[in-house]
Each structure stands twice: as C-alpha cells, then as structure tokens.
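Asker: Given next are the chains, with one letter for each unit.
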Amino acid sequence: MTTTPSIRSPIGQRVERTRSRKLIAGRGRYTDDMRLPRMLHAAFVRSPYAHARIAAIDPARALAMPGVRHVFTGADIARVCTPWSGEAPHLPTLKSPPQHALAVEIAKWQGEPVAAVLADSRAEAEDAAAEVAVAWEELPAAADATQALAPGAALVHPALGTNLAFQHTVAKGEADKAFAGAAHVVEASFSFGRHTGVTLEPRSIIADYDPSLGTLTVHHACQAPFQMQHVFAMHLGIPEHLIRVVCPDVGGGFGIKLHIYGDEVAACAMSKLTGRPVKFIADRIESMLTDIHARDHRVSARLALGSDGTIRAMELEDLCIIGAYANYRRFSSGEGMLILFFSGAPYRIPNYRARFRMPFQNKNTTGMYRGVGQPIACAVTEALADRAASALGLDPVEFRRRNYLREADFPTTSPGGMPMEKLAFERALDELVKLMRYPELRAEQRAERVKGTLRGIGLATFVEITAPGPHYYGPSRHGVSSNDGATVRLDPTGKVRVISSVTDQGQGTETGIAQIVAGGLGVRYEDVSVIHSDTAASAYGGGAWGSRGTAIGGEAALLAATELKGNVLKLAGTVLQADPGTLDLVDGQICNAGSGVVRMSLPELAALGYFRQNELPPDVQPEFAVTRSFNPKKMAAVASGIQAAYVEVDPDTGIVRLLHHWVVEDCGRLINPALVEEQIRGGVVQGLGAALFEHIVYDERGQNQTATLVDYLVPMASEMPDITIGHIETPYEATMLGAKGAGEAGTVGAAAAVLNAVNDALVPLGATPIGEIPITPDVVLKALKKIT
Amino acid sequence: MTDETRDIALTVNGAAVARTVKVRQHLVDFLRHELEITGPHLGCEHGVCGACTVRVNGRAVRGCLMLAVQADGAEVATIEGLTASGEVADLQEEFVKRNALQCGYCTPGMVTTAAELLAAKAPMTRAEIRAFLSGNYCRCTGYQAIIDAVEATLARRLAKR
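Each protein sequence line maps, in turn, to chains A and B. 1 is the number of the first residue of the first sequence in the numbering used here; add one for each residue after it. 1 is the number of the first residue of the second sequence in the numbering used here; add one for each residue after it.
These are computed hints drawn from the structure, not numbers from a lab. On a predicted model such as this, the values are computed, not experimentally measured, just so you know. By construction, the Cβ of each residue, glycine as well, lies at the ideal position given by its N, Cα and C atoms. Check the hints yourself; a few may be wrong.
[Unchecked claim] Just the calculated beta-carbon pair ranges, DEER-fashion:
id, chain 1, residue 1, chain 2, residue 2, range
1, B, A152, A, A443, 49 to 59 Å
2, A, T708, B, A152, 33 to 43 Å
3, B, A155, A, S718, 18 to 28 Å
4, B, G86, A, T574, 47 to 57 Å
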C-alpha cells in the first residue's frame, strides 16, 4: 500500500546528537586508533622541488635501517596501480595528462610522493624515508600565476604547449550594449588567497589486502567510501564486490577527505604487494603540502547600473589558479564553474558575461573545499553591490531590496544559467535587518566614529548549490554518484535499525537520519539506531559533498520508513481485522488514526511477524526490512540566505576585530535546528578565517611557505565573534522531505560580509577599497596608504 | 641513537605504570601506542592545535611537546581519566546539550583545557574564556557552543560554592 510520508516530530526538533556522548568521553575511534595484526606503517618520500626530474632512486641505505620491510618507488607502484586523469568527456577541451599514485620520472609539485617506505613503526618508516637517496634534477617551475599564460612561461606539461588547462565562458543578453548605455558603471579587481581545509584529524587510511581471498578491506577517514571502493577497484584491478571501505569516526572533512590522493591509493597498492595491512596517517606538514587546496583566484568584474538604481549587466573575468593536474574525478573546474553560475545570482540581471581561465601551476592540486567557488562569487557580487550602492547614494540594504529576485520571479535561472527554485531574498533581508537591529547598529557605528573608533557593517547575500542531482556529475562519466539509499529494518522488540549510505564527519547527518526515520515511521527517536559508512552494508551512496547528506540520504530514509510503515500497518490491519487506512503508528504504538486509541504495540506485532507467523494467514508474508534509494531529479536544491558582519578596524595596526556576525539562512525544511546552527557557525568561522587569516603562500620556486599551523593561521576562539542565527524555511518542493543542504552556507557568505564591513569602515577615510582576502594588517595599512 | 631507551614510572589516570620507553617518544605517542589510551589526539605535532592536550601534575599541557621520559614520576590524566572520575561530568553534559562538538577530534583536548579553567574556580568573562581556550583549535563548531558550555558550567560551579 502507499502511505503518504509524514513529517512528524522528532523531525524539526533539537534532539541530542547520536554520537556526542561517545566522543565527549574520548571514546571516539578514528582510523589512527586502530591497529591490525602484522600491520606495517607507511612514510612517503616527497618531492622537495616544485618541478624536478627523478634521475634515480637508491633505496639501499633505507632498506638497511631498523624495522624497515620495503621501499617502493613510483615505478614499483605503477606495476599494480594504473594511472588516472582529471580529463572528462563533458569538458572536451580540458587537458590534464595521466598521473600516477607516486610520481614516475618527473615530480610536478612540492610534496608529490615519489617513493614509500614500509616499516614496523611510523617512526622507523620516517627515519628510513629520509635515507632514500633520490637524484633530483630541478626543472623550471611555473609558480607565478599572473605569468602562467604569458609567452615564454615555464610549462607544467611541456607536451601540452600551454599552461591553460581549461576555459569557459557563459553569456546572457547583450552585456556590451548594456554597459555602453549604463548610467553608472562600478568595477573592481579582486584577489582571493589559496586555502585548505585543515581537518583536525589528518588524512588516514588502513588498507588490508588478503591475498587468500583477493579481498581488500579499507578503513579510511573519507567522505565518499563508495567512490573510493570504485577507485580502488578500477586502479588496483580488484573486483569491486571484494572491496569493502569503512569509515570509522572521521575528524572533519570539509571536502578535503573527498578526494583521491596518490599516497592513499599507494597504501592500498602496497598492501596488495605485501599481503599485509598498511597504515598511512599524514602528518600536519604532509597535510598542508598535499591535502586538496582551493580558491586562489584573481577576478575583475563590473556592474552596469541604470539611473533607477537597477543592475543592467554584470561582467566577470576570473583567473582560477589550479595545481599541476586537474583533480581526478572533480576536474579542478568546480571553483570556476560555480563562480560563473552563482555570480550575480541573488539579483535581477538581464545581461551577463563571465569567463574563467584555469592555468596549471607547479603547485598542489586544487579541488573541492567547503563552498567551492561560491565564496568568490558571493564576495565579488556583494562587493560590487556595495560599490554600486555607494555610487548611487543608496544604503546597501536599499540597493539590495531594489535589485533582488522577488519570490514571484521563481523558478528562474541565475545569470550564469543555474536553475533555481523558490528562494526568498527579501524575507531573509527583512529578518536580518530585524535580527541585527540594522538602523540602531548604523547609529552606533556613527556614534563610535565620532569617538574616533572605526567600525563597519557589511552584508552578503549568498546563493549556493546543494544536493546536486545526476545532471551535475553524470556527464563526466567518472563514477560520481548522486544517489543515496537506506535500509530501515524493524527488529523483533520493536526497535529500528537504519543502514544508510550517508557518511558523517561531524555534521550530525547520522542524527538527522535517525530523526527522519523516527518521525516518518512513528517510533521514538531513542528506538532508532543508525549505521553507515560501510560499503559492504548499505545501499549505494555518493557520500558527503555538495551539502547533500541529509537532503538526499534523508529523503531515501524517509521513503524507506514510509514504506515500512505501510507494511506494518498492512500487517496490523490483517491481525486487527481493520482497514490499514484507519490505523496509524505513533511512538511505537499501533493506534486508530485520528482518535489515537492504542490497538497493539509495535513489539507485539514484530514478534508475531518474526516468530509466530503460524498465527497469520498463509498468504501473508511480513516484510519488516525496506530499502529505498533516492536520486534527485533536478540539477540541485539551491539554498540561500544573508549574512552580516560588524567589525572594528584599528587604523594604526591594521588589525580587524570581528565584533559580531549574523546569518539568516534558508535550507528548506529544518530537520534539527541545533545541528544546522552549529553547521552554519562552523562554516562561518571557516569563512572568517578566509577573510582575515588563512593563506597558503608559494614562493617563486613553488615552495610552500605555509606548511605548519604556525604559518597557516586557523581561527582561534579568542578571534571569533558570537554568531547569531535566524532561520527562514522555504521547503524544497522537489522532495517529500523538503530539506536543502546547510553545510557550506556559512562559508559561502562570511568572507564577503567581512570584506564589505572592512571597506565600510575604511572608505569614508579615503582609503582605497580593499579587494583582497585575507585582509591582513598589511592589506589594511596599504589601503590606508600608511605603507606601500 | 634513535633506539636509546630509559625506564620510567608514572601514574596515568590513577594507575601506576612502569615502562621502558624510547627517549625520543613524545608523551602522546607513549599514551596511544604503549598504553592504548586513544583519547588524546594528534592534530599537528608541533604544539599549535591542542588536540593532544593532557593533564600533567595538574596542568593542561601539550602532549606532543613533552617527551614520555619527562613524565617520569608525574601524574598524568587524559580525557579517559577525567571522564571516569566524574570531574568534568557537568561540563560534558553542557557540551552534549549544546551540540558543542561535531567531529569530536578536538574535544578531549578542549575539555582537558576547560577542566583547568574550571578547576581555578575564578569568575571569567566570556572574552577571557575565549582567550583561555585559544590554544585549542576546533575546525567544526565555530566555538560559540563550546564557550557557552564552559560559561554555563563555570557559572553553576561558582553558584554552588
């Protein structure tokens, strides 16, 4: 029978997270906490150069050291592991040569692994890695992005004849004409620093190949275990059904643990070569050199404005600086594509043209890190919005109100072509103005200025892709799944087990799934347990990326719970000789729908269905385990909201102090406001880090200057403001659940709000508007012309 | 050189422990590898992130910046010991209630540092709590719920005095 899904409590409640009590007691079990019999530890020899030929590798001294069992070179690994490439059929002009797990012949970035040592302990492996003698011949490095496309530039891949990996343009309307006829034009240039995610738990893997059965079991701190299973099958030649990838507790992801890393694949290859478990845990310097990097853009952009204060056109040109290869399976193009898709997205913009060019550099690979390009789209759009407001003599709030897409405009597409379902910018802005007491805050800002204190207020409307459907990665033919699934199983005591394909690196997706099943089925939250992140146990799933876990995995769980509820009520109808349509399941009790009069308990029915089927009519087969999958039918569930930053700038030191931050977010139906709020706050703090502190810097030889946490500044508690969150809910209409993603929203808007706030504080002093993040004290003092 | 060892005897979470350790092994590797106490985590191994924070002779210290041999004769407590003794039960309850942890990797260190703050039983402003916890990075939460949890626990403990 068909049952309409019910969105009932605890959906929407602030229930306690499933794993909190375990983690708070120090009982988390992360990959590095596990050890297996006969396990060997890997340490990698990495290129000290940005670009160098490997003339020879001599492992003799390393092999003679205590505890050392094996040394493998790139060529050794290549014998059991095929290379991969970041090219894809849907991007036919994208060029990226094959790359090996460990470099063979030429290393193309500092930190690229070229050899590996296996030893009885990590310390012994590290000792020996330092003694592997590599004869290097340094080659010219492409390390200055501004010169990457200039004639005569050092080439990352000489055979390609260019450093241009890819470029893409989108256009709508007639931008040239609109600019020619504009009443005002505002333009600006921007520079966005390179970042990385800094998961506090470094990348971690234990590979365990059993040659007797040909099975590979991998415990992996990763976001997408099914993707990794597919990768290991393809490149190591192990049948996929003999591979099992399990994620233990994972200490943060943020995109970093989504990607395919040569050292991790090599760990699996070495387990296959040795028939022993191999553990690899990156240390922090390895993490900073080799965890996926992101951002690193130079953008110039402009807006054409009509005399009525409306936007007539937008143009944007982005240099999207990548590494030595396009990222395998994600192509390093996501940042640029999302900048094109989402620049100008909150506004009515009839004419638009945007292009990005993607040059190779002899630097670490870039890929997906929380927000993916959208923080850049947001910062550029919203900085231009403030400059436009200023040119027109309008308050930034008024300028936005005048130009936002209205609710009646939906569905529509962004200027760059992203389909967008209903969004509510005006409502979000109204809510924000109320939440932050905007007029009073402006009055306070003016009063402080009279006292000589420089304060600024910055707004940032954000729009972001969440829960992408198969249209997004399907055309790449690279095995990126937008599917998720769940098995919901009723056990004989009336308790419920969910086996879900989602993964959880701390977001609380597991909790959301438990709430959805409890609410959708009609049992108590504490009677539901969830396991996930095991490719041998659950339906197939895409993993955690693109803010998709709850929106897609939750929909699958709701569908499965709903069908199980139908099965339960059908059996109850048989037993009670009632029409199942007149029955309901509430808090684990089968009752009359409407009146709530209890007819029998779920444990009674379950025991009957499992143990005393002899009491049932012969044609009745109870079905208490239901598996359902869900794949979005649309391109994406676009989510949105608005943020505001309140800052104080010290004009003598250039230090920016964050006084307060506000977010009004709309992630569709809220499954658990407490989880969403902490996701938003955490995302905001990563965006605030981007705004003021975080920056990976390479020197002119392609040497990473920021490979420790002393150099790469992660936000600390004392530097962060309190963050007030407001919610509006426009449930997503394409699913029963109505949830959109929330995991990246904070990061998408935070830096833009700070950039606008700092300029709001400084520009009245005659400072040059800042278009650079991180906004370090130097950047502020330069804007104030106090230093050059 | 790397194989040089020393005998050490110390108390870990209330239990006497005697081991022969390599002189180059730091305290957290000792706890994790030799004693299988996996609550303290390694986030950077260069003294910045605070995930390895443990209590040594009553003070919260960076377990990655202290050698195991330096803990000879010391009283060491980790999140496992602080949890078992009930000393931080009120703080842990506030963390859970406020969703002040996500991935949980920083949490043992964060709680260990906060336990030192709470043990001082001195009133602290919110800004002072933020400053006190600044040696412990959290990449997930945005800190606010952590500060709320510590502030609430401190207020309750001070009210009880």
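Asker: Against each hint, give a clear statement of whether it holds in the structure.
Answerer: Hints, verified against the model:
no.: 1; hint: B:A152 to A:A443: 49 to 59 Å; in the structure: violated, 32 Å
no.: 2; hint: A:T708 to B:A152: 33 to 43 Å; in the structure: holds, 34 Å
no.: 3; hint: B:A155 to A:S718: 18 to 28 Å; in the structure: holds, 20 Å
no.: 4; hint: B:G86 to A:T574: 47 to 57 Å; in the structure: holds, 51 Å
Comparing the model with each numbered hint stated earlier shows that hint 1 is the single one that does not hold.
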